[in-house]
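Engineer: For reference, the chains in residue letters:
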Amino acid sequence: MQQGISFFPDAASANAPEVDHLYYFLIGVSVVMTVLIFAAVAIFAIKYRRKSEDEIPKPIEGSLKLEITWSILPFLVMLVMFGWGAKIFYDAYTPPKDAYLIYAVGKQWMWKIQYPEGQREINELHVPTGRPVRIRVASEDVIHSFFIPAFRVKHDVVPGHYDDVWFTATKPGRYHIFCAEYCGTEHSGMIGWVTVMTPNDFQNWLTSGGAEGSMAAQGEKLFQQLGCSTCHLSDEQGRCPILRGVYGSQVLLDDGKTVLADDAYIRESILNPNAKIVAGFSKDVMPTFQGQVTEENLLQLIEYVKSLAVGRTNQPPVQQFGGKGSAPAGKAPAGKTQ
Amino acid sequence: MSASVQAPPAAAAKSNYLNADYGWKSWLFTTDHKRIAILYLVSITIMFMFGGFFASMIRLELVTPQGDLLSSDTYNKFFTMHGIVMVFFFLIPSVPATLGNFLIPMMVGARDLAFPRINLLSWYLYIAGALLALGAVIAGGVDTGWTFYTPYSSTYSNTYVMTAVAGIFIAGFSSILTGLNFIVTVHKMRAPGMTWTRLPLFVWSHYATSLIQVLGTPVVAITLALVGLERAFRVGIFDPALGGDPILFQHMFWFYSHPAVYIMILPGMAVISEIVACFSKKRVFGYYFVAGSSLGIAIIGFLVWGHHLFVTGLSMYASMMFSLLSFAVAVPSAIKVFNWTATMFRGSISYATPMLYVFGFIGLFTIGGLTGLFVATLGVDIHVTDTYFVIAHFHYVMVGGMVMAYLGGLHFWWPKITGRMYPEGWAKLSAGVIFLGFNLTFFPQFILGYAGMPRRYHAYAPEFQVLNVLSSAGASILAIGYLMPLIYFMWSLKYGPKAPKNPWGAKGLEWDVCDSPPTTFNFDKTPVVTEEAYAYAKEEEEHVIG
Amino acid sequence: MWVFLLTEIMFFGGMFGAYTVYRSMYPKAFAATSMHMDPFFGALNTLVLICSSLTMALGVRSAQLSKKKALVIFLILTMIFGTAFLVIKGVEYYDHYKDGTVPWAGFKYDHQMQIFFCFYFFMTGFHALHMIVGLGLMTWLLQASMKGRFHKDYFSPVEISGLYWHFVDIVWIFLFPLLYLIGHTHGHG
Numbered sequence: 012m013q014q015g016i017s018f019f020p021d022a023a024s025a026n027a028p029e030v031d032h033l034y035y036f037l038i039g040v041s042v043v044m045t046v047l048i049f050a051a052v053a054i055f056a057i058k059y060r061r062k063s064e065d066e067i068p069k070p071i072e073g074s075l076k077l078e079i080t081w082s083i084l085p086f087l088v089m090l091v092m093f094g095w096g097a098k099i100f101y102d103a104y105t106p107p108k109d110a111y112l113i114y115a116v117g118k119q120w121m122w123k124i125q126y127p128e129g130q131r132e133i134n135e136l137h138v139p140t141g142r143p144v145r146i147r148v149a150s151e152d153v154i155h156s157f158f159i160p161a162f163r164v165k166h167d168v169v170p171g172h173y174d175d176v177w178f179t180a181t182k183p184g185r186y187h188i189f190c191a192e193y194c195g196t197e198h199s200g201m202i203g204w205v206t207v208m209t210p211n212d213f214q215n216w217l218t219s220g221g222a223e224g225s226m227a228a229q230g231e232k233l234f235q236q237l238g239c240s241t242c243h244l245s246d247e248q249g250r251c252p253i254l255r256g257v258y259g260s261q262v263l264l265d266d267g268k269t270v271l272a273d274d275a276y277i278r279e280s281i282l283n284p285n286a287k288i289v290a291g292f293s294k295d296v297m298p299t300f301q302g303q304v305t306e307e308n309l310l311q312l313i314e315y316v317k318s319l320a321v322g323r324t325n326q327p328p329v330q331q332f333g334g335k336g337s338a339p340a341g342k343a344p345a346g347k348t349q
Numbered sequence: 025m026s027a028s029v030q031a032p033p034a035a036a037a038k039s040n041y042l043n044a045d046y047g048w049k050s051w052l053f054t055t056d057h058k059r060i061a062i063l064y065l066v067s068i069t070i071m072f073m074f075g076g077f078f079a080s081m082i083r084l085e086l087v088t089p090q091g092d093l094l095s096s097d098t099y100n101k102f103f104t105m106h107g108i109v110m111v112f113f114f115l116i117p118s119v120p121a122t123l124g125n126f127l128i129p130m131m132v133g134a135r136d137l138a139f140p141r142i143n144l145l146s147w148y149l150y151i152a153g154a155l156l157a158l159g160a161v162i163a164g165g166v167d168t169g170w171t172f173y174t175p176y177s178s179t180y181s182n183t184y185v186m187t188a189v190a191g192i193f194i195a196g197f198s199s200i201l202t203g204l205n206f207i208v209t210v211h212k213m214r215a216p217g218m219t220w221t222r223l224p225l226f227v228w229s230h231y232a233t234s235l236i237q238v239l240g241t242p243v244v245a246i247t248l249a250l251v252g253l254e255r256a257f258r259v260g261i262f263d264p265a266l267g268g269d270p271i272l273f274q275h276m277f278w279f280y281s282h283p284a285v286y287i288m289i290l291p292g293m294a295v296i297s298e299i300v301a302c303f304s305k306k307r308v309f310g311y312y313f314v315a316g317s318s319l320g321i322a323i324i325g326f327l328v329w330g331h332h333l334f335v336t337g338l339s340m341y342a343s344m345m346f347s348l349l350s351f352a353v354a355v356p357s358a359i360k361v362f363n364w365t366a367t368m369f370r371g372s373i374s375y376a377t378p379m380l381y382v383f384g385f386i387g388l389f390t391i392g393g394l395t396g397l398f399v400a401t402l403g404v405d406i407h408v409t410d411t412y413f414v415i416a417h418f419h420y421v422m423v424g425g426m427v428m429a430y431l432g433g434l435h436f437w438w439p440k441i442t443g444r445m446y447p448e449g450w451a452k453l454s455a456g457v458i459f460l461g462f463n464l465t466f467f468p469q470f471i472l473g474y475a476g477m478p479r480r481y482h483a484y485a486p487e488f489q490v491l492n493v494l495s496s497a498g499a500s501i502l503a504i505g506y507l508m509p510l511i512y513f514m515w516s517l518k519y520g521p522k523a524p525k526n527p528w529g530a531k532g533l534e535w536d537v538c539d540s541p542p543t544t545f546n547f548d549k550t551p552v553v554t555e556e557a558y559a560y561a562k563e564e565e566e567h568v569i570g
Numbered sequence: 073m074w075v076f077l078l079t080e081i082m083f084f085g086g087m088f089g090a091y092t093v094y095r096s097m098y099p100k101a102f103a104a105t106s107m108h109m110d111p112f113f114g115a116l117n118t119l120v121l122i123c124s125s126l127t128m129a130l131g132v133r134s135a136q137l138s139k140k141k142a143l144v145i146f147l148i149l150t151m152i153f154g155t156a157f158l159v160i161k162g163v164e165y166y167d168h169y170k171d172g173t174v175p176w177a178g179f180k181y182d183h184q185m186q187i188f189f190c191f192y193f194f195m196t197g198f199h200a201l202h203m204i205v206g207l208g209l210m211t212w213l214l215q216a217s218m219k220g221r222f223h224k225d226y227f228s229p230v231e232i233s234g235l236y237w238h239f240v241d242i243v244w245i246f247l248f249p250l251l252y253l254i255g256h257t258h259g260h261g
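Protein chains in written order, with the working numbering: chain W, 12 to 349; chain G, 25 to 570; chain C, 73 to 261.
Hints are computed from structural coordinates only; laboratory data are not their basis.
Any given hint could turn out to be false.
Covered by chain W, per the in silico footprint, the following chain G stretches (three or more residues, Cβ under 8 Å) [to be verified]:
#, region
1, 326-339
2, 479-489
Okay, the calculated beta carbon distance ranges per label pair [said to hold, decoys possible]:
#, chain 1, residue 1, chain 2, residue 2, range
3, C, LEU201, G, TYR46, 38 to 44 Å
4, C, VAL205, G, GLU448, 48 to 54 Å
5, C, LEU201, W, TYR35, 51 to 57 Å
6, C, VAL205, G, TYR46, 34 to 40 Å
7, G, ALA163, W, TYR101, 44 to 50 Å
8, W, GLY249, G, ALA163, 56 to 62 Å
Cβ coordinates follow ideal geometry from the N, Cα and C atoms, glycine included.
All chains, please: the whole structure from these sequences, using the hints.
Structural biologist: And the structure:
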């Protein structure tokens, strides 16, 4: 954790050193170029300073060779910067399939963190070392941005979208979370802390909370309270699609197109049911729930619908954090199928 | 209002544009491009002071980590208004509306611009826009950030967004009309013998700028108009709760606002070309490349707007295209820097104040431009976007680059515009103070940004304080540096020594033919151009190296 | 004038661009709106504007041939057509108001359709504004023509105003299919 003066952020994630290396490369190139130009200007200014008012220098029209050289060479260096940066960018926004998912809802002016197991926090995030973690961000109101400098990750939190940041934390400690997109009066107060723990500590922490039950369990409660279960779980009248097993499948719509039933699809179906109608069903049957559910509620409902795909329990698949130390990315612990 | 200009003493019989007519009506209803340039000069200086006031308050607040000087809302309004005033009411008009208006007709050999009355109209539109923007400030302020991101600006903010947006909308027309005027003037009003390839590079850069002004400004006009309409009628074009898309706003906004930064910098580059040639007593190295690079920047500049949206969820493909193009647009800028430096090679370098500003510009623009590469690099941009790194980057190019070029140009052409010389000693001193103050203000911000301090923060984490204090200290020095020219320029109007026609020995129609200050119609008879631009050397010695 | 028209293309182009984005996001809602648009009025207005461009072009020709009387007649005809356009638009706006499709005055339908109608009113509104400016230009041209100011050696104000008028006409030619004709050719809606 930063104390005293900060000249350089902590590097607490697996990709932070890579970003830093590219940064050093950019600094190196910049220093070289700057020194070259400064030196050239200084040397010319001194060596060719005006010694008498009527001296007339010989004109030099230009030099095609020079122009080409000093256009192409820098551009080649820039291509290296581009390629390296593009690779880091691609990796940064391509989470591994077995990443542990946590939700962060940004709202003026706080971060509401929810774990599938049911833990909820405000402005605090706990993660284990050595395990890819994916944070799915959503906004209740305006655009925010989820930024953890120590991990070198950032993504704008745009209302109407779901977006992901992911990282693998490497150093236990406490690091800043900042909102990085101006969002109103207390924008600079919309900050928090991420606590990185060893896998064992994290396991202990995780199982000690969540009094309200997992997100999916809360989603189930909402599902019943809002009346969704009358149609969508078992309906003799055939008014609406049954939701068991829907999540993750391809859905055929009434205009012949198919669409993947992912988080965004479920969210849209709740807020704007007429946007996409499943083949064989009619418009204007399902009412909209816009204004009746918060972004957090939506995430809980989505977790519930997801659980309908994994076979009837509303507990998230069992995670294994402690025990054998860090589980490197790619080796999925038992039961994880998100 | 009028410039406080003294008539030259009775000994100088010739009338010039300043004393040809007296009274406020002769200024407010003038169609003389030179008088309109002065009107602009006074107006944008006033707006610069407003923008500077907001900046001072920001830096003052940021001396301590807590938000203890200003309330959050007030601070948010101050950084918003600093941005709006500086971008739309200072930087965009600065060189084109003052130096461009004044010099372009003379440089091409014309009596005035193509549409003198439209020129006056564009000034009135600027004033109308500025009054509306200041009205928004006085009524209570705007707090959306100068970028007006939705849905905050369209639905959530309780401040005077509509008024501010209206002011910018109207000022946008001022910009469009100026650009229009320049394009037609350059096409249609060049004197005989003034071919395109004999034009001063100042004109080339302004031509490129005008293309951007004319094509880009209407897009921000309609974008802001839509935000205004959305607020007025409570509909949801950019508001996701009503089916709109906030990212569409960002695309539309930046489609103009990125080229806008080239509107801001190209005229500065125009000035640098002229000064470096004069004070090296040499033709600009690689004339065609410098001319072509202006057009290159204008064209490629329209294709890079997406680099402001890298962390919003753009597709991987689009992000890569925008990143690559953003690198591409750096190449013509680099070409200019190299060519200016090469101009000094085997030249006859004078250290007059304008040239000091050129040295400063080349150094600071190089740093600013190189840090642009950092933010164009996708992997690094994830970390530094929306932090103080970006703020440092654009202040290096805008202030370290553009404002220095503007000041250099003011000093260079001051004798021509006013007929007076400024005090050289004080001028050199201020150039140094500005250079020092600027670097102390903004270099620490690069470090702050990478360390993680986000932008638009009223209060910040305590470990960022030391660098913030350095930055604020620099700002106070910079403020002094800016006050100095204000004072001695005004002083020179009354007490400065009278300037000869061509105190610098510069080439160009405005120096060779026109007086200091020029007569109302610039030329007694239409000049005929027989030599190339920057013809400092004897004709037979022109040759190419390499 | 050509350069100014370029700026107008960018201005309207921004709106066309935004409209296209939303059209591709909500194709069904936008197609459904065609039920609330009356292509008859739209087509009538298109015809009216095309006639006005014809009379305008004939007016420019008259000026080139120093035919003052013909110029005046054609300018008057152009203005009549222009005014007719605005009147028909006004009638349409009123119909929309009664139909509940004015977004800020008792809108009766869902958000996506509201977005369409926002664009409809903003785009035709800005267009109408430009028409009114055009009518103002025509008025000035008319009174100058009646004083005999234009003839074969000096007619550029007529020509330039004609350019402006044709441009406003062309914008409408693009607006008409985009706003009125979607959905009518597809089976749905």
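Engineer: Please go over all the hints and tell whether each is borne out by the structure.
Structural biologist: Right, here's what the structure says about each hint:
Under the rule that three or more residues need a Cβ within less than 8 Å of chain W, the assignment of the region 326-339 of chain G holds, with 4 such residues. Residues of the region 479-489 of chain G lying with their CB closer than 8 Å to a CB of chain W number 10, which satisfies the three-residue condition for coverage. A beta carbon spacing of about 40 Å between C:LEU201 and G:TYR46 agrees with the range 38 to 44 Å that was offered as a hint. A beta carbon spacing of about 52 Å between C:VAL205 and G:GLU448 agrees with the range 48 to 54 Å that was offered as a hint.
In this structure the hint that C:LEU201 and W:TYR35 lie 51 to 57 Å apart at CB holds, the actual value being about 56 Å. With their beta carbons about 37 Å apart, C:VAL205 and G:TYR46 fall inside the hinted range of 34 to 40 Å. The hinted window of 44 to 50 Å between G:ALA163 and W:TYR101 holds, with their beta carbons roughly 47 Å apart. Checked against the hint of 56 to 62 Å, the C-beta distance between W:GLY249 and G:ALA163 comes to roughly 59 Å, which is consistent with it.
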